[in-house]
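So the protein lines, in turn, are chains A and B. For the first sequence, my numbering puts the final residue at 222, and the numbers step up evenly by one. For the second sequence, my numbering puts the final residue at 385, and the numbers step up evenly by one.
It is worth saying that the hints were derived from the structure and are not from the lab. Worth double-checking, as some hints may not be accurate.
Simulated DEER-style distance windows between Cβ atoms [as the list claims (entries may be wrong)]:
(1) A:Arg36 <-> B:Asp323: 46 to 52 Å
(2) B:Glu278 <-> A:Gly147: 30 to 36 Å
(3) B:Glu240 <-> A:Asp164: 41 to 47 Å
Part of the chain B face toward chain A, derived, beta carbon under 10 Å [as the list claims (entries may be wrong)]:
(4) Phe231
(5) Pro337
(6) Trp348
Keep in mind it's a predicted model, so treat the numbers as computed, not measured. For every residue, glycine included, the Cβ atom is placed at its ideal position computed from N, Cα and C.
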Amino acid sequence: MTDRNEFDEDPQLRAILGQADPARSLTPADPQGLARLLEDTMNDAAETAGTTSGATPVRQRGPLTWLAGAAAVAIVAGGGFAIASSMGGDDRTVDQAGDPTTPSATTEPTVVTLQAPSLAAKCAMPTPELLSQFDTAFAGTVTAIDGDVVTLTPTEMFMGPSADEIEIVGATPDLRMLGGQVTFEVGQTYYVSATGGQVSACGFSGSATDSQLEQLYDLAFR
Amino acid sequence: MSDERRDRFETVATLVTEPVRRFLARRTDPDTADDVLAETLLVCWRRLDDVPEGDEALPWTYAVARNALANAERGARRQRRLAYRITVVDPPAEADPVPDDTGDRVTEALARLRPEEAELLRLWAWEQLGPAEIATVLDLTPNAVSIRLHRARGKLREMLEET
Numbered sequence: 001m002t003d004r005n006e007f008d009e010d011p012q013l014r015a016i017l018g019q020a021d022p023a024r025s026l027t028p029a030d031p032q033g034l035a036r037l038l039e040d041t042m043n044d045a046a047e048t049a050g051t052t053s054g055a056t057p058v059r060q061r062g063p064l065t066w067l068a069g070a071a072a073v074a075i076v077a078g079g080g081f082a083i084a085s086s087m088g089g090d091d092r093t094v095d096q097a098g099d100p101t102t103p104s105a106t107t108e109p110t111v112v113t114l115q116a117p118s119l120a121a122k123c124a125m126p127t128p129e130l131l132s133q134f135d136t137a138f139a140g141t142v143t144a145i146d147g148d149v150v151t152l153t154p155t156e157m158f159m160g161p162s163a164d165e166i167e168i169v170g171a172t173p174d175l176r177m178l179g180g181q182v183t184f185e186v187g188q189t190y191y192v193s194a195t196g197g198q199v200s201a202c203g204f205s206g207s208a209t210d211s212q213l214e215q216l217y218d219l220a221f222r
Numbered sequence: 223m224s225d226e227r228r229d230r231f232e233t234v235a236t237l238v239t240e241p242v243r244r245f246l247a248r249r250t251d252p253d254t255a256d257d258v259l260a261e262t263l264l265v266c267w268r269r270l271d272d273v274p275e276g277d278e279a280l281p282w283t284y285a286v287a288r289n290a291l292a293n294a295e296r297g298a299r300r301q302r303r304l305a306y307r308i309t310v311v312d313p314p315a316e317a318d319p320v321p322d323d324t325g326d327r328v329t330e331a332l333a334r335l336r337p338e339e340a341e342l343l344r345l346w347a348w349e350q351l352g353p354a355e356i357a358t359v360l361d362l363t364p365n366a367v368s369i370r371l372h373r374a375r376g377k378l379r380e381m382l383e384e385t
């Protein structure tokens with residue numbers, strides 16, 4: 001079917017491109033989740049004329065309800081592939097031929113992006129007074145880690161604009177250390193504070209299971 | 223619901239699901255990827271009669287995924303409100319030595335190419351498709367694919383040599 005002879009010329013360039021392949025470190029999907037997805041798809045009750053006339057089928061909620069379950073964060077070994085929550089899709093239309101379709105008002109998430117802390121930052125002792133001056137502070141659960149971007153869903157906003165999702169973007173090779181104390185893991189909850197768009201190091205951010213940190217936040221933002 | 227239809231769909235799904243998942247993971251965020259994967263499989267189910275036999279089901283499905291992704295992103299662009307975005311700070315001097323940054327340079331170069339050129343290169347190098355298959359995905363002739371891909375490779379090579 002395909003003549004790959006000339007096509008494979010330049011294997012070097014192909015290999016170089018391969019180094020930028022975002023899916024290189026993609027872990028396999030959760031087999032149970034996939035099985036459910038296929039089941040739901042086959043149970044789809046398409047009452048539209050979509051299958052024969054080529055008209056635009058209306059996507060119903062059925063196949064996606066399992067994705068929309070707020071409690072469902074699937075953690076595959078290594079944490080590479082997380083099926084996140086917050087799907088707001090309502091009556092979006094899907095057309096295979098690519099005709100323009102106008103999605104109806106879906107609630108797309110607001111996203112706040114923060115910069116990871118600089119490891120060279122000098123540290124002051126964390127106190128509630130200092131913490132209360134930060135312009136962004138929240139408790140959030142990690143829903144995805146993709147390269148150097150950690151995505152969290154805030155469970156509580158103490159300070160700063162409310163957002164559906166907060167992304168922390170790295171400047172250092174190992175993003176995942178917060179002041180050398182904490183590694184982000186999908187499904188875990190963290191306290192994060194930032195000022196001027198940069199996440200604080202120095203004990204102002206960390207795991208939500210840290211009771212001292214919990215107390216700090218409680219005192220700072222009561 | 224006929225068993226035949228279910229069997230056929232399961233055959234198709236077995237062939238396409240993981241490749242399409244990777245296709246989407248390469249091009250969008252995990253949330254959108256999940257959503258578009260589900261929509262793509264739904265189209266395969268509803269249009270099962272249109273899905274080509276055998277291996278050709280995959281490029282056909284890539285085309286569906288590509289369109290569904292474009293729709294999703296159009297909607298997202300219209301409605302997402304970014305609160306604020308911060309510029310990247312230089313890493314501190316005492317950070318670990320910078321690992322080989324070829325991947326970054328390639329990513330950057332791809333971003334500078336025209337979107338159609340970048341997509342040709344991705345389908346060639348990441349999805350590892352041949353000219354006829356790429357033609358199906360992009361709705362072009364295999365000949366046009368070969369010519370444009372050749373040009374795109376040249377441009378990428380030049381860009382990488384510059385940096």
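Self-check item: Earlier hints that do not hold, by number
Solution: Numbers 1, 3 and 5 - these are the hints that the structure violates, sorted from lowest upward.
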